[in-house]
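Peer 1: What follows is the residue order along each chain.
Number of protein chains: 2
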Amino acid sequence: MIGGVSTGVNTQTMTMLGANRVYPIEKRLLRALLSRSGNPPLGIVLWNGEEVRTSHDPPVARIHLEDRGTLLKLASDPEIHFGDAYTDGRVKIEGDLCALLEAVYCGMQDRAKRGVCAMLNSRWLDRRHNNTLRGSRRNIHHHYDIHTDFYKLWLDPQLLYTCAYYPSPSDSLEDAQVAKMHYVCRKVRLQPGEQVVEAGCGWGALALHMARHYGVRVRAFNISHEQIVYARRRAVEEGLSHRVEFVEDDYRNIAGKYDVFMSVGMLEHVGTGNFRELGKVIDRSLHSTGRGFLHSIGRNTPEALNAWVRKRVFPGAQPPTLRHMMEIFEPRGFSILDVENLRLHYARTLEHWLERFEKSAREIARMFDERFVRAWRLYLAGSATAFRVGTLQLFQIVFARPALNRLPWTRGYLYEHDATPQREQEWIRAIS
Amino acid sequence: MIGGVSTGVNTQTMTMLGANRVYPIEKRLLRALLSRSGNPPLGIVLWNGEEVRTSHDPPVARIHLEDRGTLLKLASDPEIHFGDAYTDGRVKIEGDLCALLEAVYCGMQDRAKRGVCAMLNSRWLDRRHNNTLRGSRRNIHHHYDIHTDFYKLWLDPQLLYTCAYYPSPSDSLEDAQVAKMHYVCRKVRLQPGEQVVEAGCGWGALALHMARHYGVRVRAFNISHEQIVYARRRAVEEGLSHRVEFVEDDYRNIAGKYDVFMSVGMLEHVGTGNFRELGKVIDRSLHSTGRGFLHSIGRNTPEALNAWVRKRVFPGAQPPTLRHMMEIFEPRGFSILDVENLRLHYARTLEHWLERFEKSAREIARMFDERFVRAWRLYLAGSATAFRVGTLQLFQIVFARPALNRLPWTRGYLYEHDATPQREQEWIRAIS
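Protein sequence lines correspond, in order, to chains R and P.
The numbering used here puts the first sequence at residues 1 to 432.
The numbering used here puts the second sequence at residues 433 to 864.
Subject to a maximum C-alpha distance of 25 Å in a straight line, what follows is the list of computed SDA-like cross-link-like pairs (lysine to any residue):
#1 P:K712 with R:T321
#2 P:K619 with R:S168
#3 P:K619 with P:E848
#4 P:K689 with R:Q109
#5 R:K187 with P:L846
#6 R:K280 with P:M540
#7 P:K619 with R:G412
#8 R:K280 with P:V821
#9 R:K187 with P:H614
#10 R:K280 with P:T753
#11 P:K619 with R:D171
#12 R:K187 with P:S602
#13 P:K619 with R:P167
#14 P:K712 with R:P302
#15 P:K712 with R:Q109
#16 P:K524 with P:G470
#17 P:K619 with R:S170
#18 P:K712 with R:G107
#19 R:K187 with P:T753
#20 R:K359 with R:Y151
#21 R:K280 with P:P734
#22 P:K619 with R:L414
#23 R:K280 with P:G539
#24 R:K92 with R:R356
#25 R:K187 with P:W841
#26 P:K584 with P:R798
#27 P:K619 with P:P834
#28 R:K187 with P:K619
#29 R:K187 with P:G844
#30 R:K280 with P:E735
#31 R:K92 with R:R362
#32 R:K187 with P:V821
The calculated label-pair distances, taken between Cβ atoms and stated as ranges, are:
#33 P:E848 with R:C117: 52 to 62 Å
#34 P:G567 with R:R28: 54 to 64 Å
#35 R:R233 with P:S487: 51 to 61 Å
#36 P:P490 with R:P192: 30 to 40 Å
#37 R:C117 with P:E709: 34 to 44 Å
If you are wondering where the hints come from, they were derived from the structure by calculation, not from laboratory data.
We put the beta carbon where it would ideally sit given N, CA and C, even for glycine.
Bound conformation, chain R alone:
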């Protein structure tokens, strides 16, 4: 069960206080809340129908507050309670949800204004969702072990649940996810016969893609049981199970020696406190000419993920800064070859996901309930907005052992129109 969202509104108490009346102190509370949020250009419609605005300009969108209890909760911790109240239907949106979120995110750039209550909630979540071996398993189970049929409704057919790469902005999600897999494989210059270890393999699409198109052998790790079962079945069906092994285990238990370390979309779940250990795992796993690739959601400055998203959607998730990420590489002397920020590609990917999600909203409501639909709508819309306004980043990092000189001379080969794996191998041989 995703979320475990509870309403927690005591309507009896509300009625006793005079449910329809709005007291002056409540309006002052609302004004203070709006001011702390940077006075976004919104209209707030109170339970008596009265509208409070931050300016005379027409509002980008309107938020309807159903009752006094919702306002009080929002005032104590807007980050968590906005999401919960939207999920429960105690907050309703009139207008475009993404436009509303964009106005709020842009207003809230200065997070120093987060209140005491919100700070305590945020710390408590960190502690509760700590990514120990057991904690990680619980956190990953919460999100990824929802039945695969749900994800099939709005992800691409190969179920890639990470940022796609759009060579052209008008590409379809399907094409962009295939392009992403090729882009990633070419960034790390996979060569036939190489041994690859993948940390966090989702439903197995990339592992199978690497084996099929680049002739490598892959051991892919994941602690989501549901995903591993799915990936193994796919490997058998596609005749690739002799070249791809799916292991249901934590990245910390990776054993063996490999030419390439790959990880796409796992680092967000590792926790910065475990980065040195991850570096140690990569170090002991790679041959002396080894190289690797990390793809992760990130931040410009250290800041916890939105508390509601952590509480209801992604327990334990923590988008690191590049400085955090260097704690993986620096102590082990790895050489960073290339970093690319693809945040606008993730915004586009999430827009595609949200669009497909909305098309399947009725079916999803039948699978779960309306509250689930609202929670996931908010999570997808909020994520798209965060990447678009630049509060979240998407970093791709290519790294290698320090003395590896068999490197492409420039990055031009990544953008050749007639590029094929064969062409690329010739190209690398020509310069090395």
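Given chain R, work out where chain P should sit, using these hints.
Peer 2: Relative to chain R, chain P alone:
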């Protein structure tokens, strides 16, 4: 006067001890020194003609030690005294200098073995060459205010004294330096009419290139008097002085607001302790849609620059790690868009410089003396080797204000064969 290298060998004392004899304890000292250096495959020929080797394989090259004093100094601090002894002719090399240095660098990957004396020397140099406002001026004067005629003998005609970019490995140095300037301008997507501030502009080639080819206005800062005088003369001669202003001042004194912050090859001289201040300077200089570019020598792991190079060639220089560099950007919320490591391009650049330097060695000896030639040969060969074996990196970083969305959709435009500034502008307009 570059270097101020002194011999410091007391030959009288040596004679009294029996100059030609080699005592067993001296051979033990040499063996210990070789072991601390990872036993590189070299032959060490002592002052009595005897050769000491680390293995039975033929040595990559031979080092001739002229006297016992040199051995003793090498044993106390090989990093500083090898350079000084080579400069003075008390150490002679038989065979290829670059091959010898490569063997030594590869052997010395584990720097934990640096002795107490060397550590103290290294710290003393750091303190002496501290990059305060006055210290930076003294440090930069030491290296860059050598007469320009000297640099003209071995740099490209436009006097670019930073890593070139070779679209093809066989490109000439001249072409590669022009390609570098275009590459850098295109990475940061200069647009006609924009205001650019350049921190550390050398002899002015990039500032003039930006104004000429990209239609921008440039204020370029440098604390090397000799370089600024040269750059100003060039601006007048080329009719660009109305669009390029050369300011003889420290980057810390940059004032005004700009669209783009550029810095190619200055960060190595800033000192990591000043990175937060540099971030503050960039922050206050950039408009809300501003972006920037940094190009710097770097390290995989924190480590001081070779002590001899700091003492004799580049006082105050300190190649930062990417983690260090993030101290510029993270506190100010800048978004890292792109990082590229071009260390093999710097190795190639240095090989070209060394080749041209050797062709002019006689003339340089007439300008200065033979000791100067040897010191610079060692510095150029040592740098080429460090980039080739991967103990030094060359990072190019593109960054921007966090909410800037007018970004190229992919990096492909950088590698289009028919790319021109106009073509690129159309391309950016098409996607934004």
